[in-house]
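Trainee: Protein sequence lines correspond, in order, to chains D and E.
Start counting at 1 in the first sequence, then tack on 342, and there's your number in the numbering used here.
Start counting at 1 in the second sequence, then tack on 32, and there's your number in the numbering used here.
In silico BS3-like pairs for lysine-lysine, Cα to Cα no more than 27 Å straight-line:
| no. | chain 1 | residue 1 | chain 2 | residue 2 |
| --- | --- | --- | --- | --- |
| 1 | E | Lys252 | D | Lys391 |
| 2 | D | Lys353 | E | Lys64 |
| 3 | D | Lys376 | E | Lys64 |
| 4 | D | Lys442 | E | Lys291 |
| 5 | E | Lys252 | D | Lys421 |
| 6 | D | Lys442 | E | Lys244 |
| 7 | E | Lys64 | D | Lys421 |
| 8 | E | Lys244 | D | Lys376 |
| 9 | E | Lys64 | D | Lys417 |
Keep in mind that the hints were calculated from the coordinates and are not lab data.
For clarity, every value in this text was computed on a predicted model and none was experimentally measured.
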Amino acid sequence: MKPWKPDIDRKMVFKSVREYPPMAVSLYTMMFNKTGTWRTVRPVINYEKCVYCLMCWKFCPEPAIYLEPIEVKGKERMKPIIDYDYCKGCMICAEECPVKAIEGVEEER
Amino acid sequence: MRLPLPEREVMTPGHLACQGCGAALTMRLALKALGPRTVLSIPACCWSVIDGPFPHSTVNVPLFHTAFETAASTASGIRAAFEILGKEDVNVVAWAGDGGTYDIGIQALSGAAERNDNIIYICYDNEAYMNTGIQRSAATPLGAWTTTTPVKHPKSEPKKDMVSILAAHRIPYIATATIAYPEDLVRKLERAKETKGTKFILILSPCPPGWKTRPEDTVKLSRLAVQSRVFPLLEIENGEKWILNMNIKKPVPVVEYLKLQGRFRHLKEEDIQRIQEYVDKEWERILKRCGLA
Ligand SMILES: Cc1ncc(C[n+]2csc(CCOP(=O)(O)OP(=O)(O)O)c2C)c(N)n1
Ligand code: SF4
Ligand code: SF4
Ligand SMILES: [Mg+2]
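With the hints as extra help, turn the sequences into a complete structure.
Mentor: As structure tokens, this is what we get:
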């Protein structure tokens with residue numbers, strides 16, 4: 343399951359300063375900002391090769407990788423899943439993956 | 033299943049950091065350790081932009097944007113307010129860049145440390161003023177290019193020894209950490225959470241546009257900084273007991289770390305030799321202080 347709530351991904355727009363909420367604390371997250379559009383290279387995980395070490399998850403600066411519990415050969419494991427709505431394509435995950443299970447695929451736009 | 037790090041994500045994606053930003057990963061890991069009951073005081077720096085425009089915020093905890101020189105004094109004030117309200121279970125964190133710590137914010141930080149205010153001061157160190165376009169700071173290393181230390185006159189002074197300055201304040205806890213060792217980073221912040229008084233954590237956070245590096249090399253650079261002895265992983269208790277967390281017995285030559293970074297591309301062989309000698313000398317000094325020499 344994604345650790346962040348998808349229902350908070352709206353953008354608040356105010357027409358004038360008077361419409362601003364009278365408070366100093368932000369109410370909404372940055373999830374309206376789908377940074378996936380920044381990507382020029384798309385990291386794709388080959389789950390045949392993946393050894394579930396979670397290096398890619400540990401080092402994602404966004405975070406655009408979340409975990410889902412699965413069973414691999416009778417053992418409990420966490421499967422890393424890349425959220426392409428937000429992945430900026432920095433490719434740290436591919437660089438850090440010890441078994442080179444993540445490949446970079448050029449984005450076409 | 034036991035995970036290597038806390039599973040919770042306090043920070044959300046969608047923030048405005050560059051691709052492969054070390055400072056963004058630093059915040060993500062720090063908030064994993066600190067948890068949602070945290071308040072941040074952030075002066076002008078990249079992180080005041082990364083967080084996003086009001087009323088949006090990526091960190092999901094109260095964040096107080098404050099003036100460049102006041103990260104520590106704002107955090108001291110927030111702590112005082114919590115004390116009056118009788119709330120103790122909140123982490124009050126000053127979160128500043130190296131410019132806001134080594135240069136303009138040192139006075140407020142020294143004041144808080146001298147009073148031993150109950151705050152955690154985290155400096156994410158990207159070794160220059162990145163938010164305003166890569167100007168040198170006192171944390172910029174010897175020989176580095178920045179827009180104010182151009183290749184004809186690269187930085188001729190070594191990095192300021194901030195850790196020793198803080199150690200001289202005899203605060204209860206000081207640590208250095210970096211993103212390539214996230215378990216170590218999380219452990220140190222958990223320790224800072226449990227310690228009363230002023231805590232200072234210095235976290236090396238590579239910056240691709242400022243260091244002229246590839247975004248995918250961010251974690252590798254952070255690891256090489258430790259493995260080449262450029263950035264020792266330390267803990268200091270009460271300014272007196274120095275602990276070296278990782279004694280690098282077989283260091284990687286410093287050139288391996290430097291050659292991945294465009295900001296060092298102008299260096300000649302003798303310049304690199306000079307940097308290597310400086311790193312060796314500093315390491316000897318650290319070993320002595322840790323009682324290992
Ligand atoms: C008193 C004052 N002087 C100058 C500035 C302009 N300014 C904003 S951020 C910044 C640099 C911050 O550098 P650092 O603390 O290293 O953080 P980084 O941007 O590298 O993350 C400067 C000079 C300011 N906001 N206030
Ligand atoms: S780093 Fe590679 S092997 Fe490890 S979990 Fe990620 S994709 Fe799988
Ligand atoms: S300039 Fe550097 S520190 Fe600032 S957001 Fe970009 S990568 Fe991060
Ligand atoms: Mg900086």
